[in-house]
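Residue numbers (my numbering), protein chains in the order written: chain X, 85 to 265; chain L, 85 to 265; chain Z, 85 to 265; chain G, 85 to 265.
Keep in mind that the hints were calculated from the coordinates and are not lab data.
It cannot be assumed that every hint is accurate.
Treat identical chains as interchangeable: a pair holds within one or across any two.
[Claimed, not checked] Within a straight-line C-alpha distance of at most 30 Å, the following computed BS3-like cross-link-like pairs (lysine-lysine) qualify:
1) LYS166 - LYS212
2) LYS212 - LYS159
3) LYS212 - LYS254
4) LYS125 - LYS212
5) LYS261 - LYS159
6) LYS166 - LYS125
7) LYS125 - LYS151
No experiment lies behind these values; they were computed from the predicted model shown.
There are 4 protein chains.
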Amino acid sequence: MGNVLVLYDSGTGNTAAMARYVAEGARAIPGIAVRLRRVEKATAADVLWCDGLAVGSPTNFGTISWKMKRFWDEKLLDRWLKVDGKIACAFSSSGGWGGGAELTCLALLILLMNFGFLVFGVTDYAGKLKTAHYGTVVAREPRAKDDVAACKLLGKRLAEWVAVYADGRKGEHPVGKREQA
Amino acid sequence: MGNVLVLYDSGTGNTAAMARYVAEGARAIPGIAVRLRRVEKATAADVLWCDGLAVGSPTNFGTISWKMKRFWDEKLLDRWLKVDGKIACAFSSSGGWGGGAELTCLALLILLMNFGFLVFGVTDYAGKLKTAHYGTVVAREPRAKDDVAACKLLGKRLAEWVAVYADGRKGEHPVGKREQA
Amino acid sequence: MGNVLVLYDSGTGNTAAMARYVAEGARAIPGIAVRLRRVEKATAADVLWCDGLAVGSPTNFGTISWKMKRFWDEKLLDRWLKVDGKIACAFSSSGGWGGGAELTCLALLILLMNFGFLVFGVTDYAGKLKTAHYGTVVAREPRAKDDVAACKLLGKRLAEWVAVYADGRKGEHPVGKREQA
Amino acid sequence: MGNVLVLYDSGTGNTAAMARYVAEGARAIPGIAVRLRRVEKATAADVLWCDGLAVGSPTNFGTISWKMKRFWDEKLLDRWLKVDGKIACAFSSSGGWGGGAELTCLALLILLMNFGFLVFGVTDYAGKLKTAHYGTVVAREPRAKDDVAACKLLGKRLAEWVAVYADGRKGEHPVGKREQA
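Let the sequences and hints guide you as you build the complete structure.
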């Protein structure tokens, strides 16, 4: 069964809170093992271990925090060409709506594509005015009900794709589930 | 005195509502002439006329609407290399937070940079959890007070840069105004 | 066995030439059916048919051509939420290096993620100074040997991911092939 | 008269070489003072000093190097809201064409916009197949004639915008110069 890594950096604790909800969402799919790692304690082995990866960074001046960037620049440097094909997504907390959280997710997705990962966003809505089309974005703390739901939805979708593609469990495909719902 | 064009496409009327607030914000700076144009009625002459330009598009599948793209592909094609150096910014309404409005602003800014425009975002906050660092973004209708404020702030900042850079009115520089406030 | 669609728009014929090489690359993987469609003749049924999708657009002012955007805005509008999970990539020809072909690929990948597709780039190099980390990019015509190789490599990688993930043929995984090589 | 800062990080020396050419290009405009700073030796005072700023980073996994990011995250943190309105641009060297240099420039421009800078690209071509629409991009070393020209062109354009907008020297406007040429 598939493995999911939730890897994050956090300055204020907001992205850390998102990470816990993302991990909780991933655990909703039976059989998926979930590992939650703060960037300072994460290793290349964590990335090699996983089939699916959610990476979170605070939005710092519109893009990835330098600590999260350093992790990939230094710790993953010699694993490049050895991790292609894993499935990945992104999440970020910014200081406010319009503050660059979507752009930070985009930067994370670009970084992940560079490593050969297959990256995705979530089509579904997590609330009336809330989705996660390029990863989950939150302004400051994920406190509102739909912010929490958007974090869980991202983790769940990641686990679903891992179940479908790494484990071959086609019954976990979101389109099939929607049609049955 | 400087001229500001607010150019927009709108499907549901939400981006159109934003455009009116952006125009209102630009009028807050004395001496600035403001023109509001829906993309179907806009011409290359409108773009040539202006010193500062705010472009709005609905977020359609994460990027610019085809109608707004067609305007630049067709109507501005032979004005390329003749409009460098104007000052420009972007705004967009999406179906929900996390739905791609920041990415649509980014695509608009990329398009505008291609034409040689100097593009910018707003550093200031328009409310406790609301800014416009890469242009103004709204989920659906700009109804909440801080959504309206973020639209007006974008227009005002555009007009300020036009006043400072096109008109040479250094007293309109936002940093100087902040220090005096 | 999996199906690959190569969908493209082309103004000068350069992106069309890329599309033919991408299709040729996809055919290099046994068992993959390949369909090549110019945007004017493509339908939603083509997208529904495929497991893997390569989308090409000329770089027009730094982003997707309005014709390619219109295809998704109009023809795929009511298929949204029905196509999640397909695997996709991008390619583009621009007027010159530094002209925005990477940014056009990025815009295409954003559009594809909005539809729930899993998008990827190619880690491998197609020549000494040529790769396709976010899709294949070419300045004008794909004439140089490494430009042609980068197109074929993209198509081949797409077909490999389809073989691995849609067909369950793990022997086509690029990392495994590299280790055996 | 205006001041131009060329700020760069470099791993292999390639982006450093670009930086020297960008600085040389900026010096081509009379009256412009040019400062060249490697990121380790740069300070917030350098950024405050300048009217125009060119920032270069190696393309490391498709985006800004962690060292360049750290400079802004740490050294400029308390200058935010004090530097709005400066004019800025980007440059990057990647391992190969298609390797993410345009995306790295984009990430730099996003970062610079966050600080309130007005960012731009160059419309002109620096060679038959070479431009700098979103900043100057090079594969590895800037050795080819048009790579060197694209670096100089970026610096020159930056200095021109500083002359026009910070100094009020309208005769340096590129559109006017083109018409006279």
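| field | Violated hints, by number in ascending order, as checked against the structure | value | 4
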